[in-house]
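Visitor: Add chain B to chain A, keeping to what the hints say.
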Amino acid sequence: MANALHVVVCAGIVPDPLQTLEPITTPTGPGLKNEMVLPAVLDPWAACALYEAANLAQKNPGSKLWLVSLGAKAKLQQVMMTIAQKVPFELVPIDGPIGGFPDAHSTAAVLAETIAALPGLDKTKLLLFGGWESATRGAGVTLQLVGERLGITDQFQGVDQIDLRDDGSFEVLERVEGGKHQASVCAGAPAVLGWATGNLAEPRNNPQVGMANMRTIMPALQKAKATKLDANGLSYVSVSLPKQQRTTRVVKDLTPDEIAAELVAWIGAE
Amino acid sequence: MENILVLTHADESGSALTKASLEAVTAGVELAARLSAPLTIGIVATDTKSAAAALDSTGARLLAVSGEAFAQARYATDAAAVEAICRAANATIVLAPGSSRFTRVAAGVAHRLGGFIDTHITALSRADKIEASRWFYRQRIEAVVSRDVRPWFLMLDAGTHAAFAGASGAAKIEEVAVELPALRTTVSGFRLPAQDQQTIRPDAKMLLVAGAGWTKKQPDGQIHVAEAGKLILGFLRATGASLGSSKSLVDQGGEGEPVLPFLTHMNQIGQTGATPRHAKGLSTCCHGEEPHVVGWRFIADRRAISLDPNCGWTRGKADVVYVADAFPVMAKVNALLEAAKG
Chain A
1 MANALHVVVC AGIVPDPLQT LEPITTPTGP GLKNEMVLPA VLDPWAACAL
51 YEAANLAQKN PGSKLWLVSL GAKAKLQQVM MTIAQKVPFE LVPIDGPIGG
101 FPDAHSTAAV LAETIAALPG LDKTKLLLFG GWESATRGAG VTLQLVGERL
151 GITDQFQGVD QIDLRDDGSF EVLERVEGGK HQASVCAGAP AVLGWATGNL
201 AEPRNNPQVG MANMRTIMPA LQKAKATKLD ANGLSYVSVS LPKQQRTTRV
251 VKDLTPDEIA AELVAWIGAE
Chain B
1 MENILVLTHA DESGSALTKA SLEAVTAGVE LAARLSAPLT IGIVATDTKS
51 AAAALDSTGA RLLAVSGEAF AQARYATDAA AVEAICRAAN ATIVLAPGSS
101 RFTRVAAGVA HRLGGFIDTH ITALSRADKI EASRWFYRQR IEAVVSRDVR
151 PWFLMLDAGT HAAFAGASGA AKIEEVAVEL PALRTTVSGF RLPAQDQQTI
201 RPDAKMLLVA GAGWTKKQPD GQIHVAEAGK LILGFLRATG ASLGSSKSLV
251 DQGGEGEPVL PFLTHMNQIG QTGATPRHAK GLSTCCHGEE PHVVGWRFIA
301 DRRAISLDPN CGWTRGKADV VYVADAFPVM AKVNALLEAA KG
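Protein sequences appear in the order of chains A and B.
1 is the number of the first residue of the first sequence in the working numbering; add one for each residue after it.
1 is the number of the first residue of the second sequence in the working numbering; add one for each residue after it.
Looking at chain A on its own, in the form it has when it is part of the complex (with noise of 0.2 angstroms):
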């Protein structure tokens, strides 16, 4: 039990990446046309951390996994029918607005606040996952900003490895300019980790891993508090769609050889 962990992984839902995605204008700010019956998917790099979670949870015995996620509750249901059969975790759901328009600082603050209130959550084992950017913002902040409000100063992002020693310190690579990695080394608990792809496949659905969830999802959902985010100042003056349609020229009828000369004299070209 040396390196039992309490890993919370920060995860929220996103539209899933096939559907069109249209802005339009609510009374509390912009937002996606039928949003809320778009399919939903758990954001892509996050569910990367979650994964890389489990892992490591499983790998070091005594260690508790946490999945804080803040949605509007009736999404978050949807995606967890998927999500509950890939890994064991317990469920921390947030009722609150989906999607990339509010505020990251506003979102930061209430799940801060939820890890913090965690039962049973000791801070000097924390590691705390999610995904280095988000599919809807993408604005990479939110977790380095819980990360703050929790007093953590050990941070990485753009991870796509750790290595946990048996001293409790571990190794991470990060990702930097030019496909490089940054390796470093961490003393130990707590940190906090955003994930890039990591090295893990997407975990075989599981109906008993699933069952296992749902046991206290379900109750989970039904007690989530609701809660409502600030704008912080922040004001949105345009929301669009890029307008830009390029005219295809579609090039049917030439042999390789003049295809291939045409793009060298393009390649060429400045």
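Please keep in mind that the hints were generated in silico from the structure rather than gathered at the bench.
A couple of the hints might just be wrong.
Unchecked claim - Computed footprint of chain B on chain A; a stretch qualifies when at least three of its residues, placed anywhere within it, have a C-beta under 8 angstroms from a C-beta of chain B: (1) 63–75; (2) 149–163; (3) 184–194; (4) 246–254.
The beta-carbon is built from N, C-alpha and C at its ideal position, and this holds for glycine as well.
Guide: Positioned in the frame of chain A, the structure of chain B alone reads:
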């Protein structure tokens, strides 16, 4: 009245500013001129003298944090350095490059100062106040935002401004003292992905995107992964292009399907990958929204080679689509490029 601070940091040499930092300087100089606001530039480096000299012609007040502790990027030291500079500058607007080093700490520092942050800013507009453009939902929706609270941190995406280039001079630097917390993290260096050569080149003019079609059965009923790899690497060698990949091609390794050994998740573009900026992009054997919409948002001139003449994702997204088999086309392209080199 606004008071503008631009944060900059040195590259791996420890003394020269990064290109992204110089781009942020340009943004700061332009914004300060537009708002008639005072400009301060903060420098984090091992040795700040040459960096400061390069900024002399900005006429800005120069604040610096220097020393061995700041040779490497690390949350605790960088956050302390940036916080100290921000407090010394007492700025209302803080511009910073969206580098991995500063994106790791800027939000934390904004919180320490009671400020707010917006990231991935691609443009700063309007003459009399500040409005910032950024993308939401992975480059699918564009918004212009404003905030009436200060300090307001704005992280600028790379490639959105020209790098500052002015005459060097004997700049006056104000050193800022930093009180470091106990350090629990040691940076041990950089690692390249396990691959034959580096295929990710952010400064390249061209991006080659490889799709899953490269590893599918060809007209002879066989898979030709080795040949595909040779063609792709040959093109990269001849052009100096950077290599991007669709998610499906990268994911195949975990699904037991044939893979191109030099591809990693770092090459991935799209929803869960990068959205790189290059002047030109050539996609090969790709089908789907990921490479053509999300991953290509900031590619200026786009061409595609695809067997599917009706691919809905290339129509309206690429400038030219060649309906052809990429294997013979790329082989010929490589031969022509090699011949041209002599």
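Visitor: If a hint holds in the structure, say so; if it doesn't, say that too.
Guide: How the hints compare with the structure:
1. Closer than 8 angstroms: that is the beta-carbon criterion, and the stretch 63–75 of chain A has 0 residues meeting it against chain B, so the requirement of 3 is violated.
2. Under the rule that three or more residues need a Cβ within less than 8 angstroms of chain B, the assignment of the stretch 149–163 of chain A holds, with 8 such residues.
3. By the rule of at least three residues with a Cβ nearer than 8 angstroms to a Cβ of chain B, the coverage given for the stretch 184–194 of chain A holds, with 5 such residues.
4. With 8 residues having a Cβ less than 8 angstroms from any Cβ of chain B, the stretch 246–254 of chain A passes the three-residue criterion, so the hint holds.
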